[in-house]
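Protein chains: 2
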Amino acid sequence: MTVNCSPQLWIYDTTLRDGTQREGLSVSIEDKLRIAKRLDQLGIPFIEGGWPGANPKDVQFFWQLQEEPLKQAEVVAFCSTRRPNTNVASEPILQAILAAGTRWVTIFGKSWDLHVTEGLKTTLPENLAMIRDTIEYLRTQGRRVIYDAEHWFDGYKHNRDYALQTLETAIAAGAEWLVFCDTNGGTLPHEITQIITEIVKVIPSDTKLGIHTHNDSDTAVANALAAVMTGVRMVQGTINGYGERCGNANLCSLIPNLQLKLGFKCIEENQLSQLTDTSRFVSEVVNLAPDEHAPFVGRSAFAHKGGIHVSAVERNPLTYEHIQPEQIGNRRRIVISEQSGVSNVLAKARSFGIELDKHDPTTRKILERLKDLESDGYQFEAAEASFELLMRQALGSRQQFFEIRGFQVHCDLGQGEANTSALATVKVAVNGKDILEAAEGNGPVAALDAALRKALVNFYPHIAAFELTDYKVRILNGHTGTAAKTRVMVESGSGHQRWTTVGVSTNILEASYQAVVEGLEYGLLLHSQAEAAVVGNR
Amino acid sequence: MTVNCSPQLWIYDTTLRDGTQREGLSVSIEDKLRIAKRLDQLGIPFIEGGWPGANPKDVQFFWQLQEEPLKQAEVVAFCSTRRPNTNVASEPILQAILAAGTRWVTIFGKSWDLHVTEGLKTTLPENLAMIRDTIEYLRTQGRRVIYDAEHWFDGYKHNRDYALQTLETAIAAGAEWLVFCDTNGGTLPHEITQIITEIVKVIPSDTKLGIHTHNDSDTAVANALAAVMTGVRMVQGTINGYGERCGNANLCSLIPNLQLKLGFKCIEENQLSQLTDTSRFVSEVVNLAPDEHAPFVGRSAFAHKGGIHVSAVERNPLTYEHIQPEQIGNRRRIVISEQSGVSNVLAKARSFGIELDKHDPTTRKILERLKDLESDGYQFEAAEASFELLMRQALGSRQQFFEIRGFQVHCDLGQGEANTSALATVKVAVNGKDILEAAEGNGPVAALDAALRKALVNFYPHIAAFELTDYKVRILNGHTGTAAKTRVMVESGSGHQRWTTVGVSTNILEASYQAVVEGLEYGLLLHSQAEAAVVGNR
Chain A
11 MTVNCSPQLW IYDTTLRDGT QREGLSVSIE DKLRIAKRLD QLGIPFIEGG
61 WPGANPKDVQ FFWQLQEEPL KQAEVVAFCS TRRPNTNVAS EPILQAILAA
111 GTRWVTIFGK SWDLHVTEGL KTTLPENLAM IRDTIEYLRT QGRRVIYDAE
161 HWFDGYKHNR DYALQTLETA IAAGAEWLVF CDTNGGTLPH EITQIITEIV
211 KVIPSDTKLG IHTHNDSDTA VANALAAVMT GVRMVQGTIN GYGERCGNAN
261 LCSLIPNLQL KLGFKCIEEN QLSQLTDTSR FVSEVVNLAP DEHAPFVGRS
311 AFAHKGGIHV SAVERNPLTY EHIQPEQIGN RRRIVISEQS GVSNVLAKAR
361 SFGIELDKHD PTTRKILERL KDLESDGYQF EAAEASFELL MRQALGSRQQ
411 FFEIRGFQVH CDLGQGEANT SALATVKVAV NGKDILEAAE GNGPVAALDA
461 ALRKALVNFY PHIAAFELTD YKVRILNGHT GTAAKTRVMV ESGSGHQRWT
511 TVGVSTNILE ASYQAVVEGL EYGLLLHSQA EAAVVGNR
Chain B
11 MTVNCSPQLW IYDTTLRDGT QREGLSVSIE DKLRIAKRLD QLGIPFIEGG
61 WPGANPKDVQ FFWQLQEEPL KQAEVVAFCS TRRPNTNVAS EPILQAILAA
111 GTRWVTIFGK SWDLHVTEGL KTTLPENLAM IRDTIEYLRT QGRRVIYDAE
161 HWFDGYKHNR DYALQTLETA IAAGAEWLVF CDTNGGTLPH EITQIITEIV
211 KVIPSDTKLG IHTHNDSDTA VANALAAVMT GVRMVQGTIN GYGERCGNAN
261 LCSLIPNLQL KLGFKCIEEN QLSQLTDTSR FVSEVVNLAP DEHAPFVGRS
311 AFAHKGGIHV SAVERNPLTY EHIQPEQIGN RRRIVISEQS GVSNVLAKAR
361 SFGIELDKHD PTTRKILERL KDLESDGYQF EAAEASFELL MRQALGSRQQ
411 FFEIRGFQVH CDLGQGEANT SALATVKVAV NGKDILEAAE GNGPVAALDA
461 ALRKALVNFY PHIAAFELTD YKVRILNGHT GTAAKTRVMV ESGSGHQRWT
511 TVGVSTNILE ASYQAVVEGL EYGLLLHSQA EAAVVGNR
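Line order of the protein sequences matches chains A and B. In terms of this note's numbering, the first sequence opens at residue 11 and continues consecutively. In terms of this note's numbering, the second sequence opens at residue 11 and continues consecutively.
Isolated chain A (complex conformation) (with noise of 0.2 Å):
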C-alpha cells in the first residue's frame, strides 16, 4: 500500500563510483551501463557514474550515456575541488566533468583541517577558497551542485569551526544538496545523530542535507537511518554494500529500511519487489557470488529451520519474518537438516508438489533416513535436488532413467598444467540397453560427467542443454588426512534452472560421481514434469 502523504527521500547510489573500489571488484564500461539501466529501472534517481577527470573508463560511460541516456535517473559526476593554487576554469578534471555532460556533479571538499594541511599540503583559507570556486564555476556552467563533505564527522570532532565553514562556503557557493561524509567509517550512530543534530541548528533551515557512510564499524546502514532521523532527506549507499575496505552503505538493506518500517517514500511498490533481482544482477555482472546470508535479498534472508518453528510460520508468517518477502521481491524457504522433524519433511514435500500424510510410516521412514545421511555426512539444507530423488525413492515413485553398470576413472598426472586431463569410462543401461562410453576432461569429475553424458545424450537429447555450473568439495573430518570424508556438492543448470546435488565418501571421487549423477537424474526428471504439464495443458 503506497502511502501518497509518506515523506520523500531521494536514494543516490554510487555502486559505479565508490562500490567499484571495492578490492576484487572490476567493471567494463558496457558492465557499468548495465548496471546503470538496472538501477533506473528500479528507480533510484540519483546515479552516480564516476569520476571522469580521474578515470578514461569513466570519460567514455558518459559519452556512451549521452547517446543512450537513462528514462528517469539523474547520472551524476564525480570530482574533487580543483587543486589548490590553479585557476578553476584552466583545471582539467573540470572541463572533464564538464564533458561529461550531466545536469547533476557532485564535488567532494575537505572538511578536515589535518588532511586540508597535511594531506593537501595547503592553508586552511585556500581550501574554502577552492570549495567556493568549484562550486560558483560549475553554477556559472549552468550544473546543479551536490556537495560531499569528506571525513565529516571526524573533521568536526577535531576542528568545529573549520568544517562548519566549509558547509558555509558551499552553501554560499551554490550547493543544493550538503552531504556528510563518514569517509573513514569510524562514527557510530549516536554521533551521528549527536552531530547532525548541532549542525541543523547553525545552518540554513531549508538547507538540503544528505549522508554518505562506510560499513568499517558495522554499523552503516545505522548510521544513516540515524542521520534519515534527524531530517536527512538523501541517502548515498551502493547494491550490495560494495565499496573499499568494509564497503559502504548497502542500499538493498537501506531502501526497505526505509520504506516499509520508516514510512518513506523511496521508490514505487512494483520497484521494490525488484529489489531481490537487482541484487542478483549486480552481483552477476560485476562477477561476485551473492551472499546468501545478506538481509533482505539474500537467499537465506527467509529460511526456517526446525519443525516447530516452520509449522507455526506457516500458520502466521507474521510471528517469524519481520517483513513480507514478497515485498522486496524474495521468497520463504523451508530448509531441511538435522534438526528437522516431520512438519519440516511435510512442508518440504509439499513445496516439490508431492502431499506426504504425518500419520503415513513412510513419513517417518524418510526423516530416518535422512538422519542417517547426515550423521554419515550428507547435507541437504542445500541440496534440495538429492532430497527430493531420496523422498521419491521412499515413496517408490523414483523414475529410473538410467543404470550405471560400471564408472571408471583414469588420470596420468604430473605432465604438466597444460596436460591435466582425465579420462573416464561408462557402462550405462537404457531401457534394457547396454551403452559403453568413454570421454575426457580437464579433470576427473569432468571426465565423469562427459562420458555420462556422451552415453545418455541419444535417449535424452535435452540432455545437451545441461551444465555443470558449481562444484564445491568440503572436506568433513579434517586432521585424518586424505583419509577423511569428503562430501561434494554439484550444482546444475539447464537455460535459468538450477538444483543441487549432494554426494558423500572417503573417495572424493566417489563423493563427485553421486553427485553427479544425482544431477543429471535430476535433471532429467524436471524435464519429463515439464512434458508432462505441457501435455496435461493441452
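It is possible that some hints are incorrect.
Each pair may be met inside one copy or between any two copies, as identical chains are not told apart.
[Unchecked claim] Subject to a maximum C-alpha distance of 30 Å in a straight line, what follows is the list of computed DSBU-like cross-link-like pairs (lysine-lysine):
| no. | residue 1 | residue 2 |
| --- | --- | --- |
| 1 | K381 | K47 |
| 2 | K81 | K67 |
| 3 | K167 | K275 |
| 4 | K437 | K464 |
Hints are computed from structural coordinates only; laboratory data are not their basis.
Following the hints, position chain B against chain A.
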C-alpha cells in the same frame, strides 16, 4: 592502555548454539571443543555450548567438557522452559540440561502473547507458570539462570503488559540476567533505545540486563550498541556473525566498538589483539571462507590503494584509519606495490633462515614467480613449505631427493561405500635408479601418497614416520563448474613437526598430487637439515 575504571561489560558467545543455525554450517563435537577452547583463550566470559535436550551431539559436547574443563569461561547450557501442562521435575529436556553439569543455564521463554497462543497453543497464565516453574526448579538444583526473553521487542509492541509480566515472573523466580532477544531481527536501533528505556523505569533497578540481536535489518551490531547505551551490560553474539538467516550480532565488530570506542572493558588488551586470528580460526574450523571485507577483522578492512593515499596513511594513520589495526591483531595492507612485495619476500626468506639481498636479481625473480603463481590461484600464506621450496628453486639450492617419471591413478566407482578404493602407480627415480610401485588407498589421494612412500621408503627409511594430517580443498572460481580451478592444501607431519604444501590445477587429482609430492619432499628436506645440524654439533 587498559583503563581500570572502564565499566565492565559481559560478552556472551553463542557461536556454538545460535551460530550453528547458519544454513550450510555444520560442526562436529571435535570442532565445537576446539572453538570453545579458543573462545576461552580470547577471554569470553560466557560460552553457550548448545541445547543438550534437543541434540545428542550437544549432550556429548558437555560431557566431554566435564572431562577437560575450560580454563576461565563459564560454559552455558541452553534450553526452553518446560512444555505446557507438564511437571517440571519429569521434563526430559530439563534432566538433560542438569546432566550437562554447567554452573550456568540459559532458559528461553515466550514474551509475545501470539507465540503463546498460536505457537505453544496454551494460555497466557500457563506460559507464566512455565517460566516460573522452570527457573525455580533449576535454582533449587543449584544452577544460576540467564533468562532469554524471546521475541521481546515484537511482544512488547503487541502486548506490553503481558510482555512485562513474563519478565517480572523470571525475576521473581530467580533469574540473574534478563536478556532482550530480537529473535526475528526486525527491530531498528531507535526502537531498541525507546523500549529498553521504558522497561528500565518499571523493573527493579538492580536487574542485570542483556541484549541478543539478529541481523535481518542489517543493524544487529548497532542494535546491541543502542541497548548498551541504555544501560544493558551483557551482549550476546557470535564470531563472524554466524547465525540463522542473516546471522547474529557479530562479536568481531561489537567487541572493538565497545572496548575501543565506547570505553567498556570486555576482554584483556592482549586478548583483543587475538581477535582477527580467532575470527579466521573459527571460519577455518567451520570451513567457511573468511569474509575478506568484514569490519575490523577482514583482510581488506585496512587495505589502502593509490600512491598519495598510501604515503598519507603512512605519515599519519589516524587520518585514514578509524582504529589501529594492531589493536585487534589485524594489519594495514598496501594493495600490491612492487616495493612492499620485495620487502615481504626478504622478510619471508629471513624467517626460513635464508638471507636475500634486496638488489639481487634473484629476489626480483622470486617475486615475479610468486606473483605469477598467486595470480594462478596459489596461496603461500598458509603453505610456507611450498614457498620455501620455490625460493630454494630460484636460488639453485633445491635438493632433488627423487624425480617422478610417471604417476597414474585409477578408480572404479559406484561400487558402494565399502568398495571405494583407488589404485595408484608411480615410477620414480632415486639416485639414478628407477622404481615402479603400486598401492591402494581409500581414495585417490591416499593411494598416491601410499604408492610414493612405498617407492621411497627403502632409500629414506624415516619417511615411514611421515603422515598426511590434513587435506583441504577449495574451488577457486565458482560458477564455472568442474572446469574451475582447484586449490589443495596438504598438511604433513612427523612427530611434533607440521608443514603445509599447496597445489593448484583444474584437475583436482593433479592439484593433490602436487601438494602430496611437495609434502614428502619438504619432509625429507627437514630431516636432512636436522641430520646436518647433528653432524655440525659434534
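Cross-check of the supplied hints:
1. Taking identical chains as interchangeable, the C-alpha atoms of K381 and K47 lie at most 30 Å apart only when they sit on different chains, with a minimum of 29 Å there against 37 Å within one chain.
2. For the homomeric pair K81 and K67, the shortest alpha-carbon distance inside one copy (22 Å) is at most 30 Å, but the shortest distance between copies (57 Å) is not.
3. Taking the shortest alpha-carbon separations for K167 and K275, only the inter-copy value of 24 Å comes in at or below 30 Å, while the best intra-copy value is 32 Å.
4. In the homo-oligomer, the alpha carbons of K437 and K464 lie at most 30 Å apart inside one protomer (11 Å), although the nearest pairing across protomers, at 33 Å, exceeds that limit.
In summary, this structure violates none of the numbered hints.
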